[in-house]
Amino acid sequence: MDVWSSLMDGFATALTPMNLLYAVIGVLLGTAVGVLPGLGPAMTVALLLPVTYALEPTSAFIMFAGIYYGGMYGGSTTSILLNTPGESSSVVTAIEGNKMAKAGRAAQALATAAIGSFVAGTIGTALLAVCAPIVVQFAVSLGAPSYFAIMVLALLAVTAVLGSSRLRGFASLALGLAIGLVGIDSVTGQRRLTFGQPLLADGLDIVVVAVAIFAVGEALWVAAHLRRTPLHAIPVGQPWMGKSDWKRSWKPWLRGTAFGFPFGALPAGGAEIPTFLSYVTEKRLSKHPEEFGKGAIEGVAGPEAANNAAAAGTLTPMLALGLPTNATAAVMLAAFTSYGIQPGPQLFSSQGPLVWALIASLFIGNLLLLLINLPLAPMWAKLLQLPRPYLYAGILFFATLGAYSVNLQAFDLVILLVLGVLGFMMRRFGLPVLPLILGVILGPRIEGQLRKTLQLSAGDPAGLFSEPIAVVVYILVGLILLWPLVFKLVKRNGPARKPLLPANSGAPEPTDVG
Amino acid sequence: MSSLTTGLKGRAELGVALLLGAAGVVVFVDANRLVTPYSQSDPVGPKTVPYIVAGLLVVCAVLLAINVFRGGQGEAEGGEDVDLTHPADWKTVLPLAGAFILNILLIDWAGWVISGTVLFWGCVLALGSRHYIRDGLISIAMSLLTFYGFYLGLGIALPAGLLEGIL
Numbered sequence: 001m002d003v004w005s006s007l008m009d010g011f012a013t014a015l016t017p018m019n020l021l022y023a024v025i026g027v028l029l030g031t032a033v034g035v036l037p038g039l040g041p042a043m044t045v046a047l048l049l050p051v052t053y054a055l056e057p058t059s060a061f062i063m064f065a066g067i068y069y070g071g072m073y074g075g076s077t078t079s080i081l082l083n084t085p086g087e088s089s090s091v092v093t094a095i096e097g098n099k100m101a102k103a104g105r106a107a108q109a110l111a112t113a114a115i116g117s118f119v120a121g122t123i124g125t126a127l128l129a130v131c132a133p134i135v136v137q138f139a140v141s142l143g144a145p146s147y148f149a150i151m152v153l154a155l156l157a158v159t160a161v162l163g164s165s166r167l168r169g170f171a172s173l174a175l176g177l178a179i180g181l182v183g184i185d186s187v188t189g190q191r192r193l194t195f196g197q198p199l200l201a202d203g204l205d206i207v208v209v210a211v212a213i214f215a216v217g218e219a220l221w222v223a224a225h226l227r228r229t230p231l232h233a234i235p236v237g238q239p240w241m242g243k244s245d246w247k248r249s250w251k252p253w254l255r256g257t258a259f260g261f262p263f264g265a266l267p268a269g270g271a272e273i274p275t276f277l278s279y280v281t282e283k284r285l286s287k288h289p290e291e292f293g294k295g296a297i298e299g300v301a302g303p304e305a306a307n308n309a310a311a312a313g314t315l316t317p318m319l320a321l322g323l324p325t326n327a328t329a330a331v332m333l334a335a336f337t338s339y340g341i342q343p344g345p346q347l348f349s350s351q352g353p354l355v356w357a358l359i360a361s362l363f364i365g366n367l368l369l370l371l372i373n374l375p376l377a378p379m380w381a382k383l384l385q386l387p388r389p390y391l392y393a394g395i396l397f398f399a400t401l402g403a404y405s406v407n408l409q410a411f412d413l414v415i416l417l418v419l420g421v422l423g424f425m426m427r428r429f430g431l432p433v434l435p436l437i438l439g440v441i442l443g444p445r446i447e448g449q450l451r452k453t454l455q456l457s458a459g460d461p462a463g464l465f466s467e468p469i470a471v472v473v474y475i476l477v478g479l480i481l482l483w484p485l486v487f488k489l490v491k492r493n494g495p496a497r498k499p500l501l502p503a504n505s506g507a508p509e510p511t512d513v514g
Numbered sequence: 001m002s003s004l005t006t007g008l009k010g011r012a013e014l015g016v017a018l019l020l021g022a023a024g025v026v027v028f029v030d031a032n033r034l035v036t037p038y039s040q041s042d043p044v045g046p047k048t049v050p051y052i053v054a055g056l057l058v059v060c061a062v063l064l065a066i067n068v069f070r071g072g073q074g075e076a077e078g079g080e081d082v083d084l085t086h087p088a089d090w091k092t093v094l095p096l097a098g099a100f101i102l103n104i105l106l107i108d109w110a111g112w113v114i115s116g117t118v119l120f121w122g123c124v125l126a127l128g129s130r131h132y133i134r135d136g137l138i139s140i141a142m143s144l145l146t147f148y149g150f151y152l153g154l155g156i157a158l159p160a161g162l163l164e165g166i167l
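So the protein lines, in turn, are chains A and B. First residue of the first sequence: 1, per our numbering; consecutive thereafter. First residue of the second sequence: 1, per our numbering; consecutive thereafter.
Since the hints were made in silico from the structure, they are not lab data. Honestly, I wouldn't trust all of these hints.
Below are the SDA-like pairs computed for lysine to any residue, each with C-alpha atoms no more than 25 Å apart in a straight line [said to hold, decoys possible]: (1) B:K47 - A:G459; (2) A:K488 - B:I66; (3) B:K91 - B:L125; (4) A:K251 - A:L371; (5) A:K382 - A:G237; (6) A:K294 - A:Q238; (7) A:K452 - B:Q40; (8) B:K47 - A:Q449; (9) A:K251 - A:P289; (10) A:K488 - B:V62; (11) A:K488 - B:F69; (12) B:K47 - A:A458; (13) B:K47 - A:G143; (14) B:K47 - A:G448; (15) B:K47 - A:L456; (16) B:K47 - A:D202; (17) A:K243 - A:L370; (18) A:K452 - B:S41; (19) A:K382 - B:A141; (20) A:K382 - B:D135; (21) A:K382 - B:R134; (22) A:K488 - B:L63.
Some chain A residues flagged as far from chain B (calculated, every beta-carbon gap over 12 Å) [as the list claims (entries may be wrong)]: (23) K102; (24) W240; (25) Q342; (26) I372; (27) L479.
Partial list, derived from the structure: chain A residues whose beta carbon lies under 8 Å from chain B [stated by the list, open to error]: (28) P37; (29) A54; (30) L175; (31) Q190; (32) H225; (33) R388; (34) L396; (35) M425; (36) L431.
Just so it is clear, CB atoms sit at the ideal spot from N, CA and C, and this is done for glycine as well.
Only chain A is shown next, with the shape it has when bound in the complex:
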């Protein structure tokens, strides 16, 4: 497969004026929702899904690519200027970034974050373009047993590794799998969990579920705990960096990228671990360790690069295997399905032009982010002043509109409210949202692979282990499940763990025993 010529074709598609316009819209929209509290890229893509049915799939995905990277960039702006990270992956950025902003170096913090994101995003996307076809070559040889095993691994890994409580993660996953069961069983035509309600026979629309959990749940939750005295956003001018800032930033950018991409590409995914590792590494390697905790530029540059490289890495399993490991990728996968495109290793051969246009637009989106957002930073900072009643009323308004416009039936709004209340409850009691969404999206596909596997082996459970890759993956699954036991034993014998993050960093401490 010739990566280079495919990629050039992708650029040719992505650079047509219309598609370039969609990329600009995506980047601006993504940054705006990333900056605004309460909104995230996953929710935005979900909300835009019904709107983009009128578009060519290629244009829609070019816009989604812009939203994906834009959201990441906007999130770091907020965490630097407000010190209350919206996403767990920008927790680390907030530690040093906000200290820098308070010390009057907001412009440099934003600049190193933006340029670092560009560097990491570009390298990450290049690695994606190189790695994904290799993964595909390997993946086309896999059969249903291996797919089943890999999907189980992804679900368990995301559930068990991320978040502070594994038990609550699994509870969330189980709820998601249950929601995914609703509807007519595709093999036998049996109705499951429809309660005689014909409107449920087609299953719950993923747009409705995602919007309910991300948007309605979030709006209700924030409404219940709305800050009466709004946080003070630090005003900022044009981001720029001096010579010494460049000198101190470029190595952390590259190291952060090296941490981020592989972690993002693993089925366990997530940007939390690589950002954290990057922070710790920079702290150790820095020539100015005394500045850490008081606003060291390395502590912004490294984790931000790691964050963006992980975002690029996440797209590798998503495009090559049809396996999403973060919320935005999960919703984008659902978007493929709703366009009638089958995700998985066949994607590169059946939808080659679309995939390469998507990858090309990731490069373009990255460059646009840098060109558009460096001068616009003061405007984004102003966006943080938007009165909160309008912001959250707007979220509910557009959530309703988006969910209603899928099928034009009021019944979907009832579901939206019910699942929104579920989303509220999950936030209240610390159930992570991601496992639920992955359960809804991957559940039916896992069931399909399981049934295919056992059909091939005529019902013999040994069929599950009939491929070597499947066996290897099950060993990994076993390790992930047993890891906390091992960890407990080690901890009992070893010295107490020292806290690696400074106090009051806003980072969640692992609290429970689940």
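Using the hints, position chain B against chain A.
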């Protein structure tokens, strides 16, 4: 935190365990009622996965209940606009849900322009804005813009309802 509020918090979280357990039972009962003859081409059948999910739900419910009784606690989610130091403010949430429900009831009969206006205006007021007239005008503008935007831009005809013929 006083022992009373900790106790209450713990008890509230048992509701989550209860919900998980109930969901598990519902999934189990629903799967149990399916009748399918054994088929060579689908040895797993439509019941197996629901049984597994039901099992997972019940196990999570039990473990969560034990965890809560032992003093485990889910960590409420923070955020830019979230202030966890004050208790849940139901005086904001309930009117918000009310505006949402009103929209569901009105949308097919009165049409999106009216129900959307009610929704946005109701939400803004519930969230504490006190510029009644300005908010009302913004609400009408938002509903009208989205109505025509969806119709002209996307070809999606939102219900016109009572205003049919005017819009």
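Each hint, compared with the structure:
{"no.": "1", "hint": "B:K47 - A:G459", "verdict": "14 Å, holds"}
{"no.": "2", "hint": "A:K488 - B:I66", "verdict": "19 Å, holds"}
{"no.": "3", "hint": "B:K91 - B:L125", "verdict": "11 Å, holds"}
{"no.": "4", "hint": "A:K251 - A:L371", "verdict": "22 Å, holds"}
{"no.": "5", "hint": "A:K382 - A:G237", "verdict": "11 Å, holds"}
{"no.": "6", "hint": "A:K294 - A:Q238", "verdict": "22 Å, holds"}
{"no.": "7", "hint": "A:K452 - B:Q40", "verdict": "12 Å, holds"}
{"no.": "8", "hint": "B:K47 - A:Q449", "verdict": "15 Å, holds"}
{"no.": "9", "hint": "A:K251 - A:P289", "verdict": "15 Å, holds"}
{"no.": "10", "hint": "A:K488 - B:V62", "verdict": "22 Å, holds"}
{"no.": "11", "hint": "A:K488 - B:F69", "verdict": "21 Å, holds"}
{"no.": "12", "hint": "B:K47 - A:A458", "verdict": "17 Å, holds"}
{"no.": "13", "hint": "B:K47 - A:G143", "verdict": "23 Å, holds"}
{"no.": "14", "hint": "B:K47 - A:G448", "verdict": "13 Å, holds"}
{"no.": "15", "hint": "B:K47 - A:L456", "verdict": "19 Å, holds"}
{"no.": "16", "hint": "B:K47 - A:D202", "verdict": "18 Å, holds"}
{"no.": "17", "hint": "A:K243 - A:L370", "verdict": "19 Å, holds"}
{"no.": "18", "hint": "A:K452 - B:S41", "verdict": "9 Å, holds"}
{"no.": "19", "hint": "A:K382 - B:A141", "verdict": "23 Å, holds"}
{"no.": "20", "hint": "A:K382 - B:D135", "verdict": "21 Å, holds"}
{"no.": "21", "hint": "A:K382 - B:R134", "verdict": "21 Å, holds"}
{"no.": "22", "hint": "A:K488 - B:L63", "verdict": "18 Å, holds"}
{"no.": "23", "hint": "K102", "verdict": "17 Å, holds"}
{"no.": "24", "hint": "W240", "verdict": "26 Å, holds"}
{"no.": "25", "hint": "Q342", "verdict": "21 Å, holds"}
{"no.": "26", "hint": "I372", "verdict": "23 Å, holds"}
{"no.": "27", "hint": "L479", "verdict": "20 Å, holds"}
{"no.": "28", "hint": "P37", "verdict": "3 Å, holds"}
{"no.": "29", "hint": "A54", "verdict": "5 Å, holds"}
{"no.": "30", "hint": "L175", "verdict": "7 Å, holds"}
{"no.": "31", "hint": "Q190", "verdict": "5 Å, holds"}
{"no.": "32", "hint": "H225", "verdict": "5 Å, holds"}
{"no.": "33", "hint": "R388", "verdict": "6 Å, holds"}
{"no.": "34", "hint": "L396", "verdict": "5 Å, holds"}
{"no.": "35", "hint": "M425", "verdict": "7 Å, holds"}
{"no.": "36", "hint": "L431", "verdict": "7 Å, holds"}
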